[in-house]
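This is what each chain is made of:
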Amino acid sequence: MVVMKMKFPFQKRVQLAKGLWLLSLSATVAGALTFSLGCILKTELLRRAEVMDNSNIHVVPNTLMIVGLASLGINYFASKICQDALDAGQFPRWKNFLKPYFAISSFFTVLMLLAVIMSFAMTGSLEFSLKVGLRNGIRFYKDTDTPGRCFQKQNIDYLQMAFECCGNNDFRDWFEVQWISNRYLDFNSKEVKDRIKSNVDGRYLVDGVPFSCCNPTSPRPCIQYQLTNNTAHYNYDYQTEELNIYLRGCREALVNYYMGLMNTIGTAVLSVFLLQGSVLVSLRFLQTSMEAVAGQENTEIETEGYLLEKGVKETVMEFVDPLMKFLLFTNKVEEAGAILV
Amino acid sequence: MAVWRVKFTKTKRDKLAQVLWILNWFSVLTGAILFSLGIFLKVELNKQEEMMADRDIHYVPNMLIAVGLIACAINFLGGKICYDCVDTNKFLRWKLIMLPYIIFTFFFTFCVLVGALMCYTMRGELEESLNLGLTQAMKFYKDTDTPGRCFLKRTVDILQIEFQCCGNNGYKDWFQIQWISNRYLDMTHKDVADRLRSNVEGKYLMDGVPFSCCNIDSPRPCIQQQITNNSAHFNYEHQTEELNLRMKGCRQALLDYFTHIMQSIGLTVLIIWLFELSVLTGVRFLQTSLENVLKQGDPDSESDGWLLENSFMETARTNLNIIKSLGKSNQIDDGNNGDPNINVPSTSIANYGPDNVPPKEAPEAS
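These protein sequences, in sequence, are chains C and A.
So the first sequence is numbered by this note's numbering: it starts at 15 and just counts up by one.
So the second sequence is numbered by this note's numbering: it starts at 2 and just counts up by one.
By construction, these hints were calculated from the structure, which means they are not laboratory data.
Beta carbons: idealized from backbone N, C-alpha and C, even for Gly.
Be aware that a few hints might be false.
[Unchecked claim] DEER-style ranges, computed between Cβ atoms:
1) C:183 <-> A:33: 17 to 27 Å
2) C:321 <-> A:41: 27 to 37 Å
3) C:248 <-> A:229: 19 to 29 Å
4) A:257 <-> C:141: 32 to 42 Å
[Unchecked claim] Calculated Cβ distances over 12 Å to all of chain C for the following chain A residues:
5) 187
6) 215
7) 318
[Unchecked claim] Here chain A is said to cover these stretches of chain C; the calculated rule only asks that three of the stretch's residues, wherever they fall, bring their Cβ under 8 Å from a Cβ of chain A:
8) 122 to 128
9) 168 to 177
10) 190 to 200
11) 235 to 242
Kindly produce the complete structure, drawing on both the sequences and the hints.
Next up, the structure:
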């Protein structure tokens, strides 16, 4: 049972070959575009690597880069094949090459689709990674004298100013963490001693935030300390005050930023996928219609082209069987070896 | 005695024409680059226009834009001319235009040079403008309720964060102005009332700075208030503390930024000027060699090309005379009572052909 049989007169074959050549050229450009989009995404993720706990999300840009490079190779061969396709003398030399070529190309095209799906589906993983990373960043904010953590303060401050956010979920995260180092606390002062004594873990907690949470659009000078104490500041109501500090949490800000980036890239790569798929389908039709011409005296006859000779299931089994036999064979050899020993 | 005489065979002439054609198209590209550099500079200046007092600094990007556009047009025409110069017949239609074209382009390259030099001289005016602009902006920092100045606070804060600077010359500028609006001062409080009374003009001055002056590289949380008071903060000495606030003044920061941009642009324009000049020299050689070929009559023969037919001094003198006589063409010639039709016999010896015999007078008709 043949899948998608179509008749191909000589003129149609010629048109198919020419159209395919142009298509493969544009698909090559699209492949280079995919590679560069993967590079851009990876660079953006690496820039904020200090606030990410794990690098699971890096599988998306890595896959995009691999697929981009692979599609350059695939489309290069596609253009070469369709250039030879019209010459019945040159075409047969590609005969043995085409079956593995199609297998590999389909694999990489499916991988491209997987990359697109992953870029939409990995939001949860990214969010979790950012949650843990930001929590650690805020916790180690004060440790500017500990090797390996000296730059946490700088990174968090820069992040909060650049993304216009404060804290992990919101600014109250800073109330639960001691972000002022003991080096700068006067332990002789009564106020400091009281505060530390009133805390179970002996931490100096304040209802204040670092200066990087301050919002420049606020009409009044920034209120950083005693945020929840309305009487400490003139004409100030902390429940209704919205412009003083950034109300958005940094996790939400970063997730939105990266999701926006990945959505744009995902859409672009989806269109590249469609282009690549059409290149492969056209090449398959060209190959099958040209194979029927081989050996004939008159090369201008009408031939039939199809996608798959047998049904989908049978073709898959055809590919999988040698692979299974290979794996089972090695297994049997191991078993025999074990018995002998 | 010609200036820089070079012999040109037919193939050499054709090659020169082709090379010049390509170079002219490349020059169109460099003209477009000039234009875009002018636009870029204009955009950058406009981004910081709130920090600049009214000074005439926009003449530099405007000049670059105009020069860029004219360069594109001139080199486009030059490309067309050089393309036609390969064929001696086609050259004939450009023959009369070429010399004025070369002269015009020569004076235009001076404009390009002036544009490049202006980039370097703009610095002084820019510094003036920034000084005044920043002082104004800081004075109106607190006026977030005055229409027209509501966003000045935000602009100054973002400027100090982005350019990593504080105040006009340094952070001490903030000590001399009231940057906290009266709306947020509790006038009934003793401290506030004392401070206002102690100031001559009734301004609330303090040794504190806005949060945007804070340096993110500081290992300790930012100290914004009571900066000069060492005892107000633990383990703090304001004279030696360098990392707490930004030490650089915003005028210096902005000036450095713009000077860097203008130096790069100036250098690019100088390189473009040299390139234009060399293309112009090539076109001049092409023109003179083609004209000489036409004078000789045989289009395939060798001809001479030069920069100037006579030496510099003679050419200058000839041109001055031409300019003088242009001025004189309106004046009436005072000899012969202004009548140009009177025949004045020449005083030189007449030359009547090879045997030097004067012609017989024609017999009078009877």
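Hint by hint, here is what the structure shows:
no. : hint                        : result
1   : C:183 <-> A:33: 17 to 27 Å  : violated, 51 Å
2   : C:321 <-> A:41: 27 to 37 Å  : violated, 53 Å
3   : C:248 <-> A:229: 19 to 29 Å : holds, 24 Å
4   : A:257 <-> C:141: 32 to 42 Å : holds, 41 Å
5   : 187                         : violated, 4 Å
6   : 215                         : violated, 5 Å
7   : 318                         : holds, 62 Å
8   : 122 to 128                  : violated (count 0)
9   : 168 to 177                  : holds (count 4)
10  : 190 to 200                  : holds (count 7)
11  : 235 to 242                  : holds (count 3)
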